[in-house]
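J.: So you can see what is in the structure, the chains are spelled out below.
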Amino acid sequence: MKGWSRPLLAIAGLLLLWQIVVTGLSVPEYILPAPVAVLARLYTDASLLWNHALVTLAEMLMALVLGVALGLVTALCLLSSTRLRIWLLPLLLLTQAMPLFALAPLLMLWLGYGMASKVVAAVLMVFFPVTNGFYDGLRHTNRDWLDLASTLNARPWATLLLVRCPAALPSLASGLRTAVVFVPIGAVAGEWVGSSAGLGYLMMQANARVWVDLLFAALFLLALCTVVLYYLTDWWLRRLIAWHKPS
Amino acid sequence: MLDIHLQAASLAYGERCIFDKLDLSLPGGHWTCMLGSSGVGKTTLIRMLAGLMTASDTVRYQGQVSCCDGKPLQGRCAWMAQQDSLLPWCSVLDNVLLGERLRPGRLWRTRSALAEQRDRAMILLRELGLADLAERLPHQLSGGQRQRVALARTLMEDRPVVLMDEPFAALDVITRLRLQDMAARMLEGRTVLLITHDPLEALRLGHQVLELRGRPACLAPPLVPPGLPPRPLDNPRLLALQGQLLAQLREDSIHNEQGLDSNCRPDKRGTDA
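In order, the protein sequences belong to chains A and B. Here the first sequence stands for residues 150 to 396, numbered as in our numbering. Here the second sequence stands for residues 5 to 277, numbered as in our numbering.
Please keep in mind that the hints were generated in silico from the structure rather than gathered at the bench. The beta-carbon is built from N, C-alpha and C at its ideal position, and this holds for glycine as well. Check the hints yourself; a few may be wrong.
What the hints assert, rightly or not - Cβ-to-Cβ under 7 Å is the rule here; a few derived chain B residues that face chain A:
#: 1; residue: Ala54
#: 2; residue: Leu56
#: 3; residue: Ala59
#: 4; residue: Cys72
#: 5; residue: Lys75
#: 6; residue: Gln87
#: 7; residue: Ser89
#: 8; residue: Pro92
#: 9; residue: Trp93
#: 10; residue: Gly103
#: 11; residue: Leu141
Claimed, not checked - Simulated restraints on C-beta separations:
#: 12; chain 1: B; residue 1: Ala174; chain 2: A; residue 2: Ser323; range: 38 to 44 Å
#: 13; chain 1: A; residue 1: Ile390; chain 2: B; residue 2: Val228; range: 48 to 54 Å
#: 14; chain 1: B; residue 1: Ser42; chain 2: A; residue 2: Val376; range: 49 to 55 Å
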C-alpha cells in the first residue's frame with residue numbers, strides 16, 4: 150500500500166463505524182451528529198465555514214512567522230551569553246508555566262477583541278518549542294566540527310552561521326513540527342475568550358445553539374488545516390535537511 | 005621546514021597525572037609517528053599542539069609550544085582527526101573550501117581570487133581521484149572517499165605543520181594502505197605528527213617512531229626505521245620491528261590495566277597554561 154492509502158483507509162473505517170453507531174443506537178443529533186449530517190453542513194455552509202477558517206488560518210500563519218522569528222532570536226541570545234541565559238531562562242519557563250487558558254482573557258483585555266490577542270496567544274504556543282529545539286541543536290554541535298573550525302582560524306560569527314546554525318537544523322525541525330501542531334490551540338483558545346470571527350468563534354456560537362453538526366464541521370476544518378500545515382512543513386523540512394541521516 | 009618543540013608538557017585529570025614534564029620534538033619536514041596504548045594521553049598531547057585544549061575544573065594542563073622560527077604555531081598547523089569531520093550539508097568541493105569560507109575577508113575577495121581557490125581545490129580533488137565527486141554530499145561517499153576529502157581539505161590549507169590523530173583508523177586495510185601512500189606523497193616536506201594505534205602504519209610512514217608509555221607517561225627513545233617512507237610492506241626488517249613494537253604495546257597495556265601507575269603529588273602540579 151502507498152503511504153497515503155493507509156491513513157485514508159483508517160479514517161474511512163472510523164467514519165463508517167461512527168455512522169453505524171449513530172444509526173444503530175439512534176443517538177440524538179444534538180449529542181452526536183452522524184458523519185453524513187456533518188458532511189451536509191460542510192456543503193451547505195461552505196462559504197460561512199471557509200470565511201471563518203480563513204481568519205483562523207491567517208492567525209495561525211502570522212503566529213508561526215512571529216513565533217519562529219522570536220524563537221530563533223531567543224535561542225541565539227541564550228547561546229550568546231551565560232549571563233543572559235541565567236536571566237532569560239526562568240522568564241521563558243514562566244511564559245510556559247502559566248496555562249494559556251488563564252492568559253487568554255488577559256491578552257484580550259490588553260490587546261483588544263481583534264486578531265492581535267489571538268496571534269499573541271498562538272505565538273506563546275509556537276515560540277517555546279522553536280526556541281527549545283534550536284537552542285538544543287546549537288548547544289550540541291559536533292565537537293569535531295568546532296575543533297576543525299578553530300584550527301581553520303574561523304571567525305566566531307562565521308562558525309555560528311556556517312557550522313552551528315546548519316548543524317542545529319535537524320533539532321530545530323523537530324521543534325517546528327511540534328510548533329505547527331500547537332499553533333491552532335493558541336489561536337482557537339484566543340477566539341473562545343472573545344472574538345467576532347474564526348473557527349473558534351464559530352464553534353462557540355454553534356455550541357450555544359446546539360448546532361452540533363456545525364460544531365463538528367468547524368472542528369473538521371480546523372483539523373484539516375492543521376494536518377495540511379503539518380505535512381507541508383514536514384515536506385519542506387525534509388527537503389531542507391536531506392543531508393541529515395539519523396544514526 | 006619548521007621544527008616544533010613541546011616543552012615541559014603536563015596533564016592531570018583531577019588527581020590523576022597522565023604525563024608530567026614531557027618534552028617532544030618534531031623535526032622539520034619529517035613525519036613523526038606516535039604509538040601508545042589507549043588512555044595514555046596521545047590525543048591530549050596532539051590537541052595541546054593544535055591549541056584545542058580548553059581549561060576546566062577537572063583538567064589541568066600546561067606546556068610550552070615553540071617553533072624554530074620563533075613565531076607561534078597557532079594558525080600554522082592543519083588538523084586531521086579520526087572522524088573525517090566533513091560538514092554533511094556541504095558538497096565535497098565546499099568542504100574542501102571550508103577554511104576559505106570560515107576565515108574573514110571572503111566578502112572582499114575578488115571574483116577571480118575566489119575562482120582561483122576553486123580551481124586549486126579542484127586540482128587537489130583530481131590528484132586524490134575525487135574530481136567526479138566534487139558536487140556530491142558526504143553521505144553519498146564511502147569511508148575511504150570521505151577521508152580523502154578530509155585530506156584534500158587539509159592540503160588546501162597548505163600549512164607547514166600537519167597534526168593527524170588516527171586519521172586512517174576507521175578504514176579497512178586496503179583503503180588504509182592506499183591513503184597512507186597518498187598522504188605520504190602529498191604531505192612530503194611538511195612537519196607531520198601522526199598518532200596511530202597501528203605499529204605497521206607508524207613504521208611505514210614515520211621518519212621517526214615514538215612511543216608514549218607508562219603512567220605518568222614518558223616518551224621512549226625514538227626509533228628510526230631503515231629506508232625512506234612510505235616503506236614497502238614486504239621489508240622483513242619492518243615486519244620484525246612491527247613484531248617488537250606489538251609485543252611492547254601489549255606489555256604496556258597489561259601494565260596499564262594492572263594499575264601500575266604512580267600518581268603525581270598534587271602539590272607538584274601547575275595550573276592551566
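J.: Hint by hint, which ones does this structure get wrong, listed from lowest number up?
T.: 3, 4, 5, 12
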